[in-house]
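Asks: Kindly produce the complete structure, drawing on both the sequences and the hints.
Residue numbers (my numbering), protein chains in the order written: chain S, 8 to 389; chain L, 8 to 389.
These aren't lab readings, by the way, just hints derived from the structure by calculation.
Where a beta carbon is used, it is the ideal one built from N, C-alpha and C, also for glycine.
Warning: the hint list may mix true and false statements.
To be verified - Listed next, the stretches of chain L that the computed footprint assigns to chain S, with coverage defined by at least 3 CB atoms under 8 Å from CB atoms of chain S:
no.	stretch
1	116–130
2	169–180
3	187–200
4	203–214
As the list claims (entries may be wrong) - Partial selection, computed: residues in chain S whose CB lies under 7 Å from chain L:
no.	residue
5	Tyr116
6	Leu131
7	Phe178
8	Ile193
9	Ser305
2 protein chains.
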Amino acid sequence: MNVLILGADGYLGWPTCMYFSQKGHNVIGVDNYFRRNETIALDCEPLIPVPNLIQRSRIWKKNTGNKIQVRIGDITNYYFLKSIFEQFNPDTVIHYAEQPSAPYSMLDYDKAAFTLKNNLITTLNVIYAVKEITNECHIIKLGTMGEYGTPNIDIEEGFLEINHKGRKDNFLFPRQASSLYHTTKIHDTDLLWFYIRTWNLRATDLMQGPVYGISTYESDIDPRLLSFFNYDEIFGTVLNRFVIQAVSGHPLTIYGKGNQIRGYINLKDTMQCVYLSATNPAKHGELRIFNQFTEAFSVNDLADKVLTTGKKLGYQIRKKHFNNPRVEKEEHYYNPKHTELINLGLKPHYLTDKILADFFRIAERYKDRIIHDKFFRGVKWK
Amino acid sequence: MNVLILGADGYLGWPTCMYFSQKGHNVIGVDNYFRRNETIALDCEPLIPVPNLIQRSRIWKKNTGNKIQVRIGDITNYYFLKSIFEQFNPDTVIHYAEQPSAPYSMLDYDKAAFTLKNNLITTLNVIYAVKEITNECHIIKLGTMGEYGTPNIDIEEGFLEINHKGRKDNFLFPRQASSLYHTTKIHDTDLLWFYIRTWNLRATDLMQGPVYGISTYESDIDPRLLSFFNYDEIFGTVLNRFVIQAVSGHPLTIYGKGNQIRGYINLKDTMQCVYLSATNPAKHGELRIFNQFTEAFSVNDLADKVLTTGKKLGYQIRKKHFNNPRVEKEEHYYNPKHTELINLGLKPHYLTDKILADFFRIAERYKDRIIHDKFFRGVKWK
Numbered sequence: 008m009n010v011l012i013l014g015a016d017g018y019l020g021w022p023t024c025m026y027f028s029q030k031g032h033n034v035i036g037v038d039n040y041f042r043r044n045e046t047i048a049l050d051c052e053p054l055i056p057v058p059n060l061i062q063r064s065r066i067w068k069k070n071t072g073n074k075i076q077v078r079i080g081d082i083t084n085y086y087f088l089k090s091i092f093e094q095f096n097p098d099t100v101i102h103y104a105e106q107p108s109a110p111y112s113m114l115d116y117d118k119a120a121f122t123l124k125n126n127l128i129t130t131l132n133v134i135y136a137v138k139e140i141t142n143e144c145h146i147i148k149l150g151t152m153g154e155y156g157t158p159n160i161d162i163e164e165g166f167l168e169i170n171h172k173g174r175k176d177n178f179l180f181p182r183q184a185s186s187l188y189h190t191t192k193i194h195d196t197d198l199l200w201f202y203i204r205t206w207n208l209r210a211t212d213l214m215q216g217p218v219y220g221i222s223t224y225e226s227d228i229d230p231r232l233l234s235f236f237n238y239d240e241i242f243g244t245v246l247n248r249f250v251i252q253a254v255s256g257h258p259l260t261i262y263g264k265g266n267q268i269r270g271y272i273n274l275k276d277t278m279q280c281v282y283l284s285a286t287n288p289a290k291h292g293e294l295r296i297f298n299q300f301t302e303a304f305s306v307n308d309l310a311d312k313v314l315t316t317g318k319k320l321g322y323q324i325r326k327k328h329f330n331n332p333r334v335e336k337e338e339h340y341y342n343p344k345h346t347e348l349i350n351l352g353l354k355p356h357y358l359t360d361k362i363l364a365d366f367f368r369i370a371e372r373y374k375d376r377i378i379h380d381k382f383f384r385g386v387k388w389k
Numbered sequence: 008m009n010v011l012i013l014g015a016d017g018y019l020g021w022p023t024c025m026y027f028s029q030k031g032h033n034v035i036g037v038d039n040y041f042r043r044n045e046t047i048a049l050d051c052e053p054l055i056p057v058p059n060l061i062q063r064s065r066i067w068k069k070n071t072g073n074k075i076q077v078r079i080g081d082i083t084n085y086y087f088l089k090s091i092f093e094q095f096n097p098d099t100v101i102h103y104a105e106q107p108s109a110p111y112s113m114l115d116y117d118k119a120a121f122t123l124k125n126n127l128i129t130t131l132n133v134i135y136a137v138k139e140i141t142n143e144c145h146i147i148k149l150g151t152m153g154e155y156g157t158p159n160i161d162i163e164e165g166f167l168e169i170n171h172k173g174r175k176d177n178f179l180f181p182r183q184a185s186s187l188y189h190t191t192k193i194h195d196t197d198l199l200w201f202y203i204r205t206w207n208l209r210a211t212d213l214m215q216g217p218v219y220g221i222s223t224y225e226s227d228i229d230p231r232l233l234s235f236f237n238y239d240e241i242f243g244t245v246l247n248r249f250v251i252q253a254v255s256g257h258p259l260t261i262y263g264k265g266n267q268i269r270g271y272i273n274l275k276d277t278m279q280c281v282y283l284s285a286t287n288p289a290k291h292g293e294l295r296i297f298n299q300f301t302e303a304f305s306v307n308d309l310a311d312k313v314l315t316t317g318k319k320l321g322y323q324i325r326k327k328h329f330n331n332p333r334v335e336k337e338e339h340y341y342n343p344k345h346t347e348l349i350n351l352g353l354k355p356h357y358l359t360d361k362i363l364a365d366f367f368r369i370a371e372r373y374k375d376r377i378i379h380d381k382f383f384r385g386v387k388w389k
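Replies: Rendered as structure tokens:
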């Protein structure tokens, strides 16, 4: 299978390149180094220095004999993306090439406009390239559980049959997000859904929860293959930040009451989910939506787990509640369905004490690189 | 009231400038001449030559003594828009500055990308300017009934309470559009709704059906004040096109079976609706949605009305069905609610034989300018 991975330099992108490569697929990875450049500009570089994508591809080849092709460029330029489709003729395109941070999208006008343009135009370009070059190509796009928000009804997987005044119809599940970033992902889903209905394309939209973890089986081969791991407020996610705070003696930064519940997933399981989606593609005319997480936790649940595991490992960890800089519900109903990927064969790595202890142990190696200033700057939604 | 009108050169923009001006308000109109330039590029100039906005403002002043300020520039440049907000401090901003054509958005990649970027960024910029300069300003944005599509359930005005598995919540009415243009209007609504919840802004989103008519009471003063009236496939709307076809001896161009039903509104009633919205603003934190049309017709209903009126005026009119170039349902349920604007005081100009005959009489004056080539080029959705 020819697999084109857009956003190949990111937290998910590079592990995905290696995952498909070790399974014997022909992989090309594309990135414009947005995250790499912005983490320098915003003083929030990743925990572990990450060789550039060309170097990582060389290290991978030396270790495994497998080749991952690399192209550096910006796919908001449609004609650049189209040229890659023409040369490579992908069977699957995995679209991660979006601005992925909620706080980034709320920083100021320019970052909001960038997020909106980048995320919508990259998605439009993927759609057009598939239509114009290879209609058979299966689009796998990363959405987010945040598209649904925290409604007072059960969250289904993508669609909902609505009964109203004695009549019924089937719709995309109602979406209402709590950041501009998450709103652009709603936009993406609507865009994809329109063109699928009109052009008979096929796509899988993965509504993923926050990802945690630092390593995959592929990165265990050589530490230079570890992912682009952020622990800061802007590009980091909550559990990753908590583990880094724990090993460096910083209190866990809890926003508001900490009763905000979300669905979480291990980085290793993201790999499985994307692979299962690629090898079991959607049908033409289908927008297939999977809710991609394995367990739901509140922020307090996560903090308590980190405390418990940390204690066993000899850490004294404190929690600190901050006034929530975000606008979000701190008490809410949350019951999202997530069975489709399990039905396809996903074997979850649940957040056990052992998994968390392993995470601590890798983090400990890079303890000296942790900079406390990066944990909290309080990017306010208002 | 200080009223800022964005997209002031367009079919709705200029009549709106005059309407608010004759009511004694302080009006500033902004346009980048997108439609003016593109109608030349695409060989679909309006029926009646339209003086530029500065000239129209002068003609208006000579006739009425009222001043309409004009600024020519592109509001996708945030800092341009912001400077206008700073100087003018609007109480109301009316946002028409979008690419308004469904076929245009489906022509090719570049026009799709333009539509997406223009429509989303202009809306973001309006939101940011209101937030940064004058949070009191009431945003009136033009949406479209096309956001709802043609669902198999009754269409409510904007929101829907959904009961699901014994629990309930209130959501934006599910939206599913049938062109990229209409999809960008869904995007707009989601964008506005996110920022209203987050920043406590206030806005009215007008879900308007296709507009018909060539004149308003204000343009009756001087024919040089008539609106930018397109009758072509790209920028024209169906009833306007049918009347021009009728007076020029061209068959009425019906797409497919002609049973597609939409809600229509007279240009004069658009003026009333926007004025009622401005003088009865939404509350802070409210996204107020009105379904802005007065009567629902099928395409065949419209064709038959044009035939009937035309016959009385001595025209022999034929109908011609074309293979539908669009992807849309030609048989569907359609029952949208539209009571909120009536409750606010809207007095509709219904599509009577007399109204239609008046329309014919104005169109007849410009008969020699009608070019048959422009009626149908068959921009295909697929």
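Asks: Work down the list of hints and note, for each, if the structure agrees.
Replies: For each hint, the structure was consulted:
{"no.": "1", "hint": "116–130", "verdict": "holds (count 7)"}
{"no.": "2", "hint": "169–180", "verdict": "holds (count 9)"}
{"no.": "3", "hint": "187–200", "verdict": "holds (count 7)"}
{"no.": "4", "hint": "203–214", "verdict": "holds (count 3)"}
{"no.": "5", "hint": "Tyr116", "verdict": "5 Å, holds"}
{"no.": "6", "hint": "Leu131", "verdict": "6 Å, holds"}
{"no.": "7", "hint": "Phe178", "verdict": "4 Å, holds"}
{"no.": "8", "hint": "Ile193", "verdict": "5 Å, holds"}
{"no.": "9", "hint": "Ser305", "verdict": "19 Å, violated"}
Consistency with the previously given hints fails for number 9 only.
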